[in-house]
Amino acid sequence: MQGITKNDLIIRIGGEGGEGVISVGDFITQACARAGLDVYTFKTFPAEIKGGYAMYQVRASTERVYNQGDIFDVLCAFNGEAYNMNRAFLKPGTAIVYDSPSDFTPDIPPGVHAYPIPMTQTAKELNNPRAKNMVAMGALSVLFNIPIESLREVLTTKFSRKGEEVVQGNLKALERGRELAAALKKTDPWTIGTPKSKQEVIVMSGNNAIGLGAIIAGLDFFSAYPITPATEVAIYVAKHLPKRGGTLIQAEDEIASISQVLGASYAGKKAMTSTSGPGLSLMSEMLGMAFMAELPCVVVDVQRGGPSTGLPTKHEQSDLFLAIHGGHGDAGRIVLSVENVQDCIDLTVVAFNLAEKYQCPVLLLSDGSLAFSTQSVPCPNPANYKLVERKRWNGEGEYQRYKFTEDGISPMADPGTPGGLHIATGLEHSESGLPSYTSANHEAMQDKRFSKLKTVVNDVAPAEVDGNGTADLGIIAWGSTIGVVREALQRLRADGYNVKGFYPKLLNPLPVQQFEDFGASCKRLLLPEVNFLGQLAHFVRAETSLRPESYTICGGMPFTPEMIVNKVKEILA
Amino acid sequence: MNAPLQPHTHFNKVDFKPKDFKDEKTPAFWCAGCGHYGVLTGLLRALSELGVDPNHLVSVSGIGCSSRLPYFVNSYKMHTLHGRAGPVATGVHLARPDLAVVVSGGDGDGFSIGGGHMPHLARKNINITYILMDNHVYGLTKGQCSPTSREEMKAAVTPYGGMEEPLDPILYMLTYGATYVGQAFAGNAKLGAKLIKEGMEHNGFAFINLLSQCPSFNELDTAVSFRNACDELDPAHDISDLNAAMNVVTAAKKAGRIPTGLLYKAERPALHQRMAELVKRVGGHKDYDLKKIIDLSRP
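Keeping their order, the protein sequence lines are chains V and W.
The opening residue of the first sequence carries number 13 in the numbering used here; numbering runs sequentially from there.
The opening residue of the second sequence carries number -6 in the numbering used here; numbering runs sequentially from there.
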């Protein structure tokens, strides 16, 4: 069987929820990563629990991959619905592997390479009807050169807990799928390339990586409330935090979660919660108290489609207004946003460090696409992370919790510290913490709380500038849109366009000078983001002299590189 | 980190008189004749009898007249948001189970805006002491009906009289699974002190309802009317019998009486103990090798 090696291959698997779509995707992802390929996955599933169309897309490459890609090269359809859902994306050259005989007969468009595989029938013949997905995976592995040794290893490891019989049953179905595919004539050009080198990697979803980052950062206390698409952060932490002696509680609502977090923080511990937009709305009042009482805390918002209940399982970047300004009164926060799984680990550590140093809430924005996207990242070494602890009172003199200091940061005293008795209150207060409503005091205290945030910009790595010199067009991107822009810029440059990218991770306080410097090097600016209002564009226009052109979509899906490429070409035409 | 600790590590540490537990910087500033003074007196007496080290005591409150109480107590303290004292105190306690944590707040704070939290403090058996300072009215906003106000109360937002059935905090807490439930008239500081002291010694969630008159905004429930309506529990009352406790309360309610004393007490592991067991079961400790956790995500 011959194929032209394509170093970058996208396989989409679609079927009914519960048919093993997700496991096949996971196995292929794990096997590719184990073999040394870079992987990036993308999944969608229905908001309902039973049935419905489930989709898992794996992008594997010998080069670094930054996003889910434009569209798939290979479709594996477990049923008619999966075929119909993707029928419109089939183009000349695409390969399709589908269940046949089955309840559907696909009308293969011209130029599409079709490989019928009797998935259901073979699984039945093997007296293992649940192994339909293994037959499919076997066929895919032969047709597209998925590293088979790694595939057998991950499959064996995964099923070993269920006993030798289950392992053998699944391996047998896998091999049968391989035989069936080997008997077909391969006509398409798609074949996964051979990895150049094998690096020590881990494979994690964005949500799990945030959990890991928190544990590396020294998390002591986590309060959880279930919400799609953030729940997996809590699930990961629930599993591993007790090993480090930490505490996880599931609260009765998000208000209780953030309240418990502030209680734990007052008690001297590193505390966090994770949620999505609706939960963050509920937390707004308590986040104001965290700012007022100067209590460190980390809140993760895995954004989903809004407003209101919105599109719970879909992707959107529309909580930036809420994250920066949600809540009453003038309240400050630090807001970070993550691009990929690597950021989910690294910036969660940064979030804790900033919370501890600045004694204020730190919000970390992730999004629905990144939440479930699994990516291979270099195996982190915990010793490489610098951890920051809050400044604590040294016991000298009379303790004043909110003492005016040069940098606005007043030492804290954990309960149990002799002489450190004080009150943390949401009322405006004097240096000692007692209520004080005088004009002079309120102005001085607001100034203290805000001015301490002036140096935050120095504690976060500068926004990455992608490209050099003066560009005809610069793209400002945030969150997982950054990965899409990276690839779009590569393609545009290959086509002779002079373009640059700017990727801020610190969104509040906005690193204004970095924006200005970037803007000065570009003739025009474009700011693509997945929300209706153009939320980052709004802040950039308000806080800098830049006037980026807003490019917004809000269809529940991330941008593709192709969309960005087309938009840029349209602008520069 | 959050090691399992004996619940009462910091008791019997000081030989303080009740007045030594007063915060010198902030004398109590409720209205003259307010029942809350009686609550404070009872609390200070309980703290003195327990000999609790103020450095390891955390007083937590929400918003309302009663929620000013922590200011007057010599301790670490948090004056939080309306209705949220319970979950904040939960966080303090679970993060540092060695600390003694006391919550105080009003009927509106605890059973209206904060009502959603009460079942979970009780059923989870959070090892804190919750003192409800129940004056059947919103005082800080100058007199509106609260969830415990009498139906007939005429107040600022009910100028023609109320229309709603009041709830009984005691019945709720018994139903929610609180493991220590007591009630007293705030003016009976002796009984209040006894209930608070035993509540703080109790391993688990202790709920104490102290009926407290509001001379400024509640004409229906006065110190005299509260005192006259209170009946101390029959010494033969079985505090381990949940049904008996419910029956006493419902019978008294019908008769327009208020049963006082310890109504119910049960022994059940508190949540922090269950959590400590979990940490032990997984072999958890603060130096657990992070690499072992990271390695689980290798492909």
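Please keep in mind that the hints were generated in silico from the structure rather than gathered at the bench.
In this text, a Cβ means the ideal position worked out from N, Cα and C, and glycines have one as well.
Possibly wrong hints are sitting among the right ones.
[As the list claims (entries may be wrong)] One-sided excerpt, in silico: chain W residues whose CB lies under 8 Å from chain V: (1) THR2; (2) ASN5; (3) ILE287.
[To be verified] Okay, derived cross-link-like pairs now, DSS-like style, lysine-lysine, Cα gap no bigger than 25 Å in a straight line: (4) LYS198/V with LYS18/V; (5) LYS183/W with LYS415/V; (6) LYS10/W with LYS258/W; (7) LYS398/V with LYS284/W; (8) LYS103/V with LYS197/V; (9) LYS460/V with LYS18/W; (10) LYS285/W with LYS251/V; (11) LYS415/V with LYS18/W; (12) LYS170/V with LYS103/V; (13) LYS10/W with LYS255/V; (14) LYS284/W with LYS210/V; (15) LYS62/V with LYS136/V; (16) LYS198/V with LYS184/V; (17) LYS284/W with LYS251/V; (18) LYS187/W with LYS15/W; (19) LYS251/V with LYS279/W; (20) LYS174/V with LYS18/W; (21) LYS210/V with LYS285/W; (22) LYS210/V with LYS136/V; (23) LYS273/W with LYS285/W; (24) LYS285/W with LYS398/V; (25) LYS258/W with LYS183/W; (26) LYS246/W with LYS258/W; (27) LYS170/V with LYS285/W; (28) LYS170/V with LYS284/W.
[Said to hold, decoys possible] Label-pair distances were calculated between CB atoms; the ranges are: (29) GLN262/V with THR215/W: 49 to 57 Å; (30) ASP234/W with PHE333/V: 40 to 48 Å; (31) GLY407/V with GLU145/W: 54 to 62 Å; (32) LYS6/W with GLY409/V: 53 to 61 Å; (33) ASN5/W with GLU401/V: 58 to 66 Å; (34) PRO208/W with SER451/V: 31 to 39 Å.
> What are the numbers of the hints that this structure violates, sorted from low to high?
Replying inline: 1, 2, 5, 6, 12, 13, 20, 22, 29, 30, 32, 33
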